[in-house]
Amino acid sequence: MLRLVKRGHVSKRERILIYFLSVLAALVTSGLFVLLMGHSPWQVFQSMILGAFGSRLRFQDTMIIAVPLIITSVGIMIAFKMKFWNIGGEGQILIGALFASYFALNFSDWPRPVLLLVMLLAGFAGGALVALIPAVLKVKLQTNETIVTLMLNYIAFHLVTYLQYGPWRDPNSKGFPKIANFSANALLPKVFGLHMGWIIMLILVVAITILLRYTKIGYKIAVVGESKDTARYAGMNLNRIIISSVAVSGGICGMVGMIEAAGVNYTLTPSLTGGYGFLAIITTWLSGLNPVAIIPVSVLFAALTKGGNFIQTAFQIPQSAASVIQSIILFFVIGAEFFIQYRIVGKEKG
Amino acid sequence: MTILAEMRNIKKSFGDVIANRDVSFELRAGEIHALLGENGAGKSTLMNMLSGIYQPDSGSILIHEKPVTIRSPKEAIKLGIGMIHQHYKLVEKFTALENILMGQESSFFLRKKELIQKVEKLARNYHIAADLNKSIYTMSIGEKQSVDILKVLYQGAKILIMDEPTAVLTPQEIQSLFQVMRNMAAEGCGIVIITHKLNEVMEISDRVTVLQKGSTVKTLITAETNQKELTDLMVGKATDLQIERPKTQLGKVVLKVEHLEAINKDKAKVLKDISFELREGEVLGVAGVAGSGQKELCEALAGLYPVSGGQITFHGESLIGKSPAEIINAGMTMSFVPEDRLGMGLVGSMDMIDNYLLKAHHKQKGLFLKRKPLEKVCENMIKALDIQTPDVHYPISKLSGGNIQKVLIGREIETEPQVLITAYAVRGLDVGSAHTIYELINEQKQKGVAILFIGEDLDVIMELCDRIMVLYDGEVKGIVNGETAVKEEIGLLMGGGKLYA
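Line by line, the protein sequences are chains A and B.
Counting in my numbering, the first sequence runs from 504 upward without gaps.
Counting in my numbering, the second sequence runs from 87 upward without gaps.
Hints are all accurate, no fakes.
With the Cβ distance kept under 8 Å, some of the chain A side facing chain B (calculated, not the full set):
1) Tyr717
2) Glu729
3) Ala737
Now the stretches of chain B that chain A is said to cover, found in silico as 3 or more residues with beta-carbon under 8 Å:
4) 413-424
5) 429-442
6) 453-466
27 Å max Cα-Cα, derived BS3-like pairs, lysine-lysine:
7) Lys456/B x Lys731/A
8) Lys445/B x Lys719/A
9) Lys449/B x Lys584/A
10) Lys304/B x Lys283/B
11) Lys643/A x Lys355/B
12) Lys445/B x Lys584/A
13) Lys445/B x Lys458/B
14) Lys408/B x Lys641/A
15) Lys462/B x Lys719/A
Keep in mind the hints are simulated off the structure, nothing from the lab.
C-beta atoms are modelled at their ideal positions from N, C-alpha and C, and glycine is treated no differently.
Can you build the whole structure from these sequences, using the hints too?
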C-alpha cells in the first residue's frame with residue numbers, strides 16, 4: 504500500500520531536481536500526445552522554443568505577453584502576502600485602462616510625457632478604486648474578498664462593453680462598435696523595439712522587492728499575512744494596512760490596463776486584459792510570492808503561449824491540440840509543488 | 087495479571103522530527119498506568135498510535151497478546167480502545183444521551199428505552215454522575231468530561247486513554263474523576279493517564295512509565311518511587327523543584343482596575359465588576375478554571391478587548407479606549423505575554439530579529455527597517471536567557487516550546503516594562519524551562535515591576551505569587567494572601583463557592 508508522508512525541510516537541490524523531473528515527465532507525456540498526432544515530438548518542441556525565442560521579433564512578441572503578466576503578478580502578490588485573495592485582476596486592469604483612456608481620448612493635445620504620466624497615474628487610480636471596494640467591505644463587514652473581487656470583474660467587463668457600444672463609440676467608425684484609436688500622443692513609445700512598458704515593469708519589480716523586504720510597510724504586510732492577532736497585539740492599525748495595500752495591489756494591476764491600452768491595443772476594448780488577471784494568479788503562486796522569481800516564471804508562461812501559437816501554423820496542429828500540450832506542461836509543473844511538500848512511501852508490512 | 091495492550095519498540099517520525107525513537111509500553115488489566123514525560127517527550131504521539139490516529143513507522147502493537155494493525159480510531163474502538171482527548175468530541179447542541187448513542191450501530195428501530203437503561207447501568211456501575219437529558223452546552227467542563235467517558239465506555243472500551251484529563255478541572259472535580267478511574271480499574275479496565283503533573287502520578291497511578299525525548303526511560307511501581315526520582319528520570323538530570331518567592335519592598339500602585347466590565351460578541355458578560363490593584367514589586371496570581379475570563383481580562387488591559395464599563399488606570403492615567411499603539415506611544419510601558427505564543431505574541435515563520443521588530447518597529451524612525459543593530463540585541467538575549475537556537479536568523483516556530491517562550495518573554499522584558507502581564511507563561515513547558523521562566527519573573531519583581539501572573543497549576547501559583555486573585559465566570563471571587571492560602575479554599579472559590587471566614 505502506498506501512502507503520503509509530509510516532507511520536513513526540502514533542500515534547494517531536491518527542489519530543483521523535482522522541478523527538473525516534472526518538466527521531463529511533462530515533455531514525455533506531451534511528446535506521446537504529439538506522436539499520436541503523427542508528428543515528431545523533437546521537432547515540435549524545438550519549434551515551440553524557436554517560436555518563442557527564435558528571432559528578435561518573436562522574442563519581442565513573447566515579451567509583449569510577459570510584461571503585463573509580470574506586472575499583474577507583482578500587483579496581485581502584495582494582496583496575496585496578506586492572504587487577501589485578490590482574483591479581481593481582470594477588472595482592475597480594465598478599469599485602469601478605462602481611466603487612462605479617458606485622458607487619452609479627451610486630452611490628446613497635452614504634451615506627450617505629461618499625458619502619458621497622467622494616464623499611468625489614472626490607470627493606477629482606477630485599479631486602486633476597484634480594489635478598495637472589496638477591501639473596505641472586508642474590513643467593515645467581513646465579506647469574502649474572493650467573491651467580491653471576482654464579481655467586480657464582470658461589472659468592469661460589461662461597463663467597458665457598454666461604453667464601447669454607447670457613449671464612447673467612435674462616430675467615425677461607420678457604425679462599427681469601437682472606441683476611437685488613441686492619437687499618437689497617447690501611445691507608449693518603443694524602446695529597443697518594444698513598448699516601454701518593460702521599463703515600467705523593471706522599475707516596479709525593483710520597487711516592490713525593496714518595499715516588501717526592507718521597509719516598515721512591507722514588514723507590516725508580512726505580519727498581517729501571518730497572523731491578524733499578532734498584528735493587533737503589536738499595535739498595528741490593521742484596517743489601514745489592509746485597505747492601503749490592497750489599493751496598491753489593485754493600482755498596479757490598473758497600470759497594466761494603461762500599458763495594454765497605450766502600448767498594445769492603441770484603444771480601449773473589453774478584451775484587452777488578455778486573461779492576465781487570472782493567469783497571474785498561477786504565476787504569482789508558482790513564484791512562491793517572491794517578486795524576483797515572478798520574472799522567469801512569467802517569461803516561461805509567455806513562451807509557452809507564444810510557442811503554442813507558433814506550432815499551430817508550422818505543423819498545422821489545431822489550436823485545441825496546442826492548448827492540450829500547453830496544459831500538460833502546466834499540469835506537471837504545478838504538480839511538482841505537491842511532490843515538494845509530500846513524498847510517497849511504500850508501507851512495509853507491520 | 088493479564089496484559090491488555092503492549093507496544094514494542096515503537097518508532098514514529100514526522101518529517102525530520104522523531105517523536106518516538108524506541109518506545110515500549112505495557113498496560114495490564116485493572117491498573118492505572120501513568121505516562122509521564124516533558125512536553126515533546128512523545129506521550130501523546132504514542133497513545134495516538136494506540137487509538138488509531140497515527141500508524142507507527144516500525145514496531146508492533148499487541149492487544150490481548152495478539153499482534154494487530156490499528157488503521158483508524160474506528161478499528162481501535164472495535165478492539166476496545168477508547169481515548170478521551172483534551173478537547174472533548176461532543177456535539178454541543180445535543181443532550182448527553184444523544185451524544186453517547188450517536189454513531190452507534192443499532193437495529194433499524196431505536197430501542198431507546200433499552201439503550202437508556204444500558205447507559206444508566208454503566209453510569210451506576212462506575213459511579214459517574216451525569217444528567218443524561220442535559221444539553222452539552224449547558225454543562226460545566228467536568229460534566230462534559232463525564233459524558234465523554236461514558237460514551238467511550240458505552241462503546242465497549244476496556245482500554246481507556248486519558249490525555250491530560252485534569253488540566254481544566256477544579257481540585258474537587260479532579261477528585262471525583264480519580265474516583266471514577268479507580269472504579270473502572272476495579273472492574274478490570276486498563277487506564278492510561280497522560281500527564282506531566284507529578285503529584286497526580288503519585289496520587290492516582292499504580293505504575294508509571296517515564297518517557298524522555300521519544301524513548302522509554304523506565305517503568306516503575308508508583309508506591310516504590312517518589313517525585314524527586316521521577317523528575318530526575320523525566321529531565322535526565324538532578325533538579326531542584328522549589329519555586330522561590332523573594333521578599334520585596336512593595337511600591338506604588340501602578341495599575342488600578344475598578345468595576346471593569348466587558349461583553350463578548352454574543353452580548354454575554356465575560357467580565358463582571360472586576361476591581362483590583364497592582365503594586366510595584368509584587369506578583370499577583372490569577373487562578374481559575376479555563377475560560378473564567380482570564381483571556382478577556384489580559385486583553386482588556388492590553389487594549390485588545392473592548393471594555394463596556396469601568397476604569398483601568400496606569401499611574402493615574404486612564405487606559406480605556408486606547409489602542410495598543412496609543413498605549414505604546416504614550417510611553418506606558420506595559421508588557422503582555424499572551425497565552426497564544428505563535429498565534430498572537432510571535433510570528434512563527436519569522437526569525438528572532440523580525441519578531442523583536444514586532445515591538446521595536448514603533449521606535450524606529452523613517453520608512454526603512456533597521457535590522458542590523460538588532461542582531462546584537464538578539465544575540466545578547468540568546469546568551470542571557472540561554473536560548474537554544476542555531477542563530478538569530480532561524481525561524482522561531484522551529485524552536486522548542488521553552489525557547490519560544492524565552493524569546494517572547496525576553497522581548498517583553500527588553501522594553502523594561504513597569505507592568506508585566508503573563509498568561510499561562512509556562513504552559514507546555516518542561517520542568518527545567520518552567521523554572522527559568524519563574525526565575526525571570528522573580529528577577530523582574532525584584533526590579534520593582536508589577537506582575538500579573540495568570541496560571542493554571544495551583545501549586546505553582548501558591549508558591550510563586552504574593553497574592554492570588556480567583557476568577558470564576560468573569561467575576562473576582564476573592565483575593566487571598568499567597569503565603570497563607572489554603573489549596574482547598576482556592577479550589578472552592580474556583581468552583582464558584584464563597585469563603586465564610
